[in-house]
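Asker: The chain contents come next:
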Amino acid sequence: MMKKKVKIFDIVLIVIFTVFSLVMIIPVYKVLVDSFDLKTAYGMKLFPEQFGFAGYKSIFTNPTMLRPFLISCYTTVMGTIMGLLISVLGAYVLIQWKMPGRAFIANVLLFTMIFNGGMIPTYLVMKDFHLTNNLWGVILLPAINVYNLVLMKNFFEGIPVSLMESAEIDGCSHFKILYKIVLPLSKAALASIGLMYAVGYWNDYTNYKLYITNSNLYNFQMKLRALIMGSDLPSAVEGATENTVKNAAVIVAILPFMIIYPFCQKYFVQGVNIGAVKE
Amino acid sequence: MKEKGKTLPKRTPGGTAFKHARAYRGVYLMATPVLVAALIFYYLPMFGIRYAFFTYKGINDPIFVGMKHFVKMFSMPGFWKAFSNTLVLSITKLILNTGAAVIISVLLNELIFLKLKKVFQTIVYIPHFMSWVVAASIFSMILSPTSAGLVNDVLMKLHLITDNIYFLGDQKWWRFSYYIINVWKDTGWGTIIFMATLAGISPELYEAASMDGANRFQKMIYITLPALNNTIVTVLVLNLAKVMNLFESVFVLQNDAVIKVSDVLQTYIYTQTFNSGAIPDYGYTTAVGMFSSIISCILVLVCNRVSHKTRGRGIV
Chain A
1 MMKKKVKIFD
11 IVLIVIFTVF
21 SLVMIIPVYK
31 VLVDSFDLKT
41 AYGMKLFPEQ
51 FGFAGYKSIF
61 TNPTMLRPFL
71 ISCYTTVMGT
81 IMGLLISVLG
91 AYVLIQWKMP
101 GRAFIANVLL
111 FTMIFNGGMI
121 PTYLVMKDFH
131 LTNNLWGVIL
141 LPAINVYNLV
151 LMKNFFEGIP
161 VSLMESAEID
171 GCSHFKILYK
181 IVLPLSKAAL
191 ASIGLMYAVG
201 YWNDYTNYKL
211 YITNSNLYNF
221 QMKLRALIMG
231 SDLPSAVEGA
241 TENTVKNAAV
251 IVAILPFMII
261 YPFCQKYFVQ
271 GVNIGAVKE
Chain B
1 MKEKGKTLPK
11 RTPGGTAFKH
21 ARAYRGVYLM
31 ATPVLVAALI
41 FYYLPMFGIR
51 YAFFTYKGIN
61 DPIFVGMKHF
71 VKMFSMPGFW
81 KAFSNTLVLS
91 ITKLILNTGA
101 AVIISVLLNE
111 LIFLKLKKVF
121 QTIVYIPHFM
131 SWVVAASIFS
141 MILSPTSAGL
151 VNDVLMKLHL
161 ITDNIYFLGD
171 QKWWRFSYYI
181 INVWKDTGWG
191 TIIFMATLAG
201 ISPELYEAAS
211 MDGANRFQKM
221 IYITLPALNN
231 TIVTVLVLNL
241 AKVMNLFESV
251 FVLQNDAVIK
261 VSDVLQTYIY
271 TQTFNSGAIP
281 DYGYTTAVGM
291 FSSIISCILV
301 LVCNRVSHKT
311 RGRGIV
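In the order they appear, the protein sequences are chains A and B.
The first sequence begins at 1 in our numbering and counts up by one.
The second sequence begins at 1 in our numbering and counts up by one.
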């Protein structure tokens, strides 16, 4: 192999990308620094002037902040489970090419990608089913996501049909085939799509805004929004300024995915590529 | 029926359709929760579109009013403003995000230090995982017109401006800020699909070009960029189908001062229903939603057609 020579253009590229990455990351870094800074922060600092955890303490010792955080955790876990369940079942149905009625089911699902009832009719249905001001509403509604379901189906299609057919001949029920053969071979798909669901649930704001009016059922995004809009500041402890608490709340809102992101990056990326290549 | 099923062989070649279906009864059972969810969350709302022709305030029974809501809608300047804003914001955003993602991908592809490439990729993906609420929170703080706002602070110190700019509260600046925040949030993520395409270009192409004496820029322009053509069309078509869905990103960044340049159909529907101050007429906002759904449906079908023509398969 010939060795490539480093040219001026390569240096220019590195400079461009360093600047670009800095621009991407500075807003987040500023929030991070300010969340630890007990002084009201002006301008850009590399490190907090007066370091302290008071901002975070104000969040985690205050029930009006802790409760939304726990609700976010709960709905994210439940929603991801429900979402995966529906996607796996739906995807397995869609790969039964010889099943009578398969085309009908596929069309019923695909039609929802073409036409929808819109915000208000959906709201009225949710209200009729008592799913407003009910966490099940914000868990179940996003769980049926036809896009994710089709993604899962595309993954399943990569499994050799002969495996499933021979299991069928051996007298395996479809539940057993799904559980014993399909799922163990789709761990990467479950990770990818599960993560997509989890991000969606953790970051959900629109559904809460529409279907939850009881502030006892707010998730962390709703709480953060209220806090930033200045209507709902929790009492700060140990000399944390209002600004410190706001910044700490932003960090708490992004923390879960910042922690798992480095370990799961390939699953996130894989999900995008499968969706783009085969749809 | 269950007992009978057990005694039947699983595969019945030449059996009737009914027998054939019976072999799949477990699968039909699996389809049930999916279909029930689709019925409740997608099909019942479609049925609810009938309210567009009624006056319905949630308390009384709906009263049939024919096309009244549509007549009212088409005479409302607020509606037309929201419709044009939806198209302008969505489409500009789509072009800027895609353009930025293509440029970044092509340049990333030129980076010969693979470790650095990984690091940059990791960094530019990060904003994608933040919610719009978080993005709005961060930018409302750093774009703040007070001295605490980082951007104004820097611009002042560089003597580029003399008065603080209220980026998110000034009609002249709001759209610009909105596009910048969108590029910040989604450009990095948008590069994934282009990077995947670039990874598939045969190295032989570049070698052949080198033999013919092409320099690096020529290779970028004549090999790398054309290789992305199909993917660019795919991305544009997929996203064009979604332009009417614009809601959350606008909703969390807008405020009363910039309604004129920022109100889109979905936020118009939301505020007319939930923030109007009076008892909402679900009929009127359903009519607006129906208009939006129909435009959306046409866009999806057109994009699907384009997609079939250009890349041989549809988007739905």
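None of these hints come from the bench; they were simulated from the model.
Treat the hints with care, since some could be wrong.
[Said to hold, decoys possible] Just a few of them, taken from the derived set where beta-carbon distance is under 8 Å, the chain B residues facing chain A: (1) L35; (2) F129; (3) S293; (4) H308.
[Unchecked claim] BS3-like cross-link-like pairs, simulated, lysine-lysine; straight-line CA separation at most 25 Å: (5) K57/B / K127/A; (6) K118/B / K209/A; (7) K30/A / K242/B; (8) K266/A / K260/B; (9) K127/A / K187/A.
No residue lacks a Cβ here, since even glycine has one placed at the ideal position from N, Cα and C.
Asker: So, for every hint listed, does it hold in this structure?
Answerer: Hints and how they fare:
1. L35: At 7 Å from the nearest chain A Cβ, L35/B passes the 8 Å test, so the hint holds.
2. F129: 4 Å, holds
3. S293: With Cβ-Cβ at 5 Å, under 8 Å, it holds.
4. H308: Result: violated, 12 Å to nearest chain A Cβ.
5. K57/B / K127/A: 13 Å, holds
6. K118/B / K209/A: 37 Å, violated
7. K30/A / K242/B: Distance of about 33 Å is beyond 25 Å: violated.
8. K266/A / K260/B: 42 Å, violated
9. K127/A / K187/A: 37 Å, violated
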